[in-house]
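*Asks:* Sequence lines, in order, name chains V and G.
In this text, residue positions in the first sequence follow the numbering used here: the first is 1, and each later residue adds one.
In this text, residue positions in the second sequence follow the numbering used here: the first is 1, and each later residue adds one.
Some hints here could point you the wrong way.
Computed cross-link-like contacts, BS3-like style, restricted to lysine-lysine with a CA-CA straight-line distance of at most 30 Å [what the hints assert, rightly or not]:
#1 Lys184(V) x Lys156(V)
#2 Lys156(V) x Lys95(V)
#3 Lys98(V) x Lys238(G)
#4 Lys29(G) x Lys95(V)
#5 Lys96(V) x Lys206(G)
#6 Lys208(V) x Lys156(V)
#7 Lys156(V) x Lys96(V)
#8 Lys29(G) x Lys206(G)
Derived from the structure by calculation, the hints contain no laboratory data.
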Amino acid sequence: MKVSARQRFTCFLFAAAWLSWTATSRAQSASPLSTASPAFREVTDETGRTVRVPQPVNRIISLAPSLTETVYALGLQDRLVGDTDYCDYPADAQKKTKVGGGISPSLEVIASLHPDLVLVTKSFNRLETVHSLDNLGISSYATDPHTIEEIIASSKKLSDVLGVPEAGVAVAADMQRHLGDLQKRLRALPPKRVLFVVWHQPLTSVGKHTFIADTLRLAGAVSIVDAEQDWPQVSLEEVARLQPDFLVFSASHSDAVSPTVDALAALPGWNIVEAVSNRRIAVISEAVNRPAPRIVSAIEDLARQLHPDAFMEKPESGKEKLQKENPAPNLPLAAHSSFSPDAAQAQMFFPGGCA
Amino acid sequence: MKPLTLRRLLLQCSVLVVILFVVVVVALKFGAVPVSLYALGRDLLRVVFGQSSQISSDYGLIIVNIRLPRILLGMIVGASLSVAGTSFQALLRNPLADPYVLGVSSGASLGAILALIVEPHLSPSPLFAALLTPLGAFLGATATIAAVYFLGRREGQIDSTTLLLGGVITGSFLSAIILFLMSTLTGSLRGLSFWMMGELSTPLQKGVYWFLGIGFLVAAGVIYTTASDLNLLLAGEKEAMHLGVDVPRVRLVVYIAASFLTGLAVSVSGAVGYVGLIVPHVMRFIFGSDHRTLLPTAAIGGAIAVIMADTLARTVVAPTEVPVGAVTAVIGAPLFIYLLRRRLA
Chain V
1 MKVSARQRFT CFLFAAAWLS WTATSRAQSA SPLSTASPAF REVTDETGRT VRVPQPVNRI
61 ISLAPSLTET VYALGLQDRL VGDTDYCDYP ADAQKKTKVG GGISPSLEVI ASLHPDLVLV
121 TKSFNRLETV HSLDNLGISS YATDPHTIEE IIASSKKLSD VLGVPEAGVA VAADMQRHLG
181 DLQKRLRALP PKRVLFVVWH QPLTSVGKHT FIADTLRLAG AVSIVDAEQD WPQVSLEEVA
241 RLQPDFLVFS ASHSDAVSPT VDALAALPGW NIVEAVSNRR IAVISEAVNR PAPRIVSAIE
301 DLARQLHPDA FMEKPESGKE KLQKENPAPN LPLAAHSSFS PDAAQAQMFF PGGCA
Chain G
1 MKPLTLRRLL LQCSVLVVIL FVVVVVALKF GAVPVSLYAL GRDLLRVVFG QSSQISSDYG
61 LIIVNIRLPR ILLGMIVGAS LSVAGTSFQA LLRNPLADPY VLGVSSGASL GAILALIVEP
121 HLSPSPLFAA LLTPLGAFLG ATATIAAVYF LGRREGQIDS TTLLLGGVIT GSFLSAIILF
181 LMSTLTGSLR GLSFWMMGEL STPLQKGVYW FLGIGFLVAA GVIYTTASDL NLLLAGEKEA
241 MHLGVDVPRV RLVVYIAASF LTGLAVSVSG AVGYVGLIVP HVMRFIFGSD HRTLLPTAAI
301 GGAIAVIMAD TLARTVVAPT EVPVGAVTAV IGAPLFIYLL RRRLA
């Protein structure tokens, strides 16, 4: 017997019925999750979303290294139940349950940790992750600081959202005190013209709206790149034309494959940059890449390297501590601390991938 | 050709459905968070009997709200791409045709991205906004297949090599434009890996699943009504015309429906490659090249393939996820080379 058009249609209907059954069962099962804690507090996050934050916030997941650092700085490490593969500071953060990278974390692992609040930051995480969390009924709070002032305000606000406003006030005061001291020292000095190297192949620097550009300003420097884009690619020719006083890199202890300063000078073409041939290269800790309280130490460190005269009169005790924290110039360079494949993705796919 | 009976068709389909079911259970079981088979079975029964509220919130969240929607999405994407691939292969009389290889997926990606770019300027109503991306993807897919079709014609005949080359070049040209757009624009566009490689990781709004399911059924149903014509087309356009097939009409209808399916899949999963190439081949190898069998079996087979690929994508380096398109490409590209060489030999 041959298949008639009607029989074919019947078959088609079978398939249709089956598919729609699957869809229905899905639709039924997607009922909102029972949320255990009845107490909520509504806050507006830094991207303007209204977030319902369960009270108290006992289980936190951080989806960016900077947020993990901030949580530690606020003394809430015991409430941090999960973080990303790139959360490596402080060392204790590496021991937390990992939920994957910042770009494509595992929603399953996040859900299985029962977080009260997931912390995300606009420059490192993706909007889809936030939407997915929304769909699962998991609250997420987003930060989006673009200047050092905003990093301070952001940490303060976060501390309030997490229920420890006093810790936030203390952290903010400490950051402001350090910055205030620094401004006193640098006030009279003309800024050094620098090129901040986010990544050397292709040569990528920072645009004027990034917190790193602000970091440079506060450290008594000014970026020779004045781009609207956050992570502009710069040609070596342009760098040679503008001849910065210093190149600024951030170091990383984790990335052993990155070139050293010497290797960099040996790269073809780089010797046309005077700062390279004269070894006027400042290497600061990877803290500079993370909009978290520790960035102040990177600012101080950079200021010390760019303006050593301003720090001459009193070789204070704080310097030793700083040197311990910040690797010597010949350690491997990782222009971008979190420049692992995932962070590379962040940058490529979501211009502005630094956190 | 063996005469096709309804019973045989149903039997073949039900065998595949059983395999699909097993694959779905495996996909539900494995993931970054371990789930026991017992808990899985218990929770699935509860879902079936409408007792979702009794599911422990832990598994419920992971299985019902994360894995199940993702599997459902994979099912629709796989079936759509596979049916689109089967259709393109029949229309172009080229077994190497596939939405990804022909550049149609890239065209759909570009269309979707352009739709996302113009969306804020149109300030459309929510419903229209939700449909704008699939519409853009569809238009991109249609325009691309038309372009590739004309590139592939030489002296009124489709030339296989020219067609494939035209498709590959068009795809790489469109990918370059996507790259250009992504590196100059900032904002809330999806990541580049989504448009280049495909991803299923983001759960969608409930209504979107309905739109996808119904859209797939309508387009696949339309293609299925031309199944016999597609069989005759295999012999050649002229021959089919002599046998009474309204070739221009069939061609137009199937092109539009297959482009729609591609646009549908790309707008929610990005450019997942090679599914539309390999699945029809495997199904043709097992069940023969009668499109009345090939189309439904390819649909189910596509669902199976994408769910399996996505399960791998979720688990190989868990908890970090790999784009599903990377998995399908790693398996699909070598197979494509094999098929190409065998064809040339």
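*Asks:* All hints are to be evaluated individually against the structure, with a verdict given for each.
*Replies:* Hint check results:
no.: 1; hint: Lys184(V) x Lys156(V); in the structure: 24 Å, holds
no.: 2; hint: Lys156(V) x Lys95(V); in the structure: 26 Å, holds
no.: 3; hint: Lys98(V) x Lys238(G); in the structure: 61 Å, violated
no.: 4; hint: Lys29(G) x Lys95(V); in the structure: 27 Å, holds
no.: 5; hint: Lys96(V) x Lys206(G); in the structure: 33 Å, violated
no.: 6; hint: Lys208(V) x Lys156(V); in the structure: 24 Å, holds
no.: 7; hint: Lys156(V) x Lys96(V); in the structure: 24 Å, holds
no.: 8; hint: Lys29(G) x Lys206(G); in the structure: 23 Å, holds
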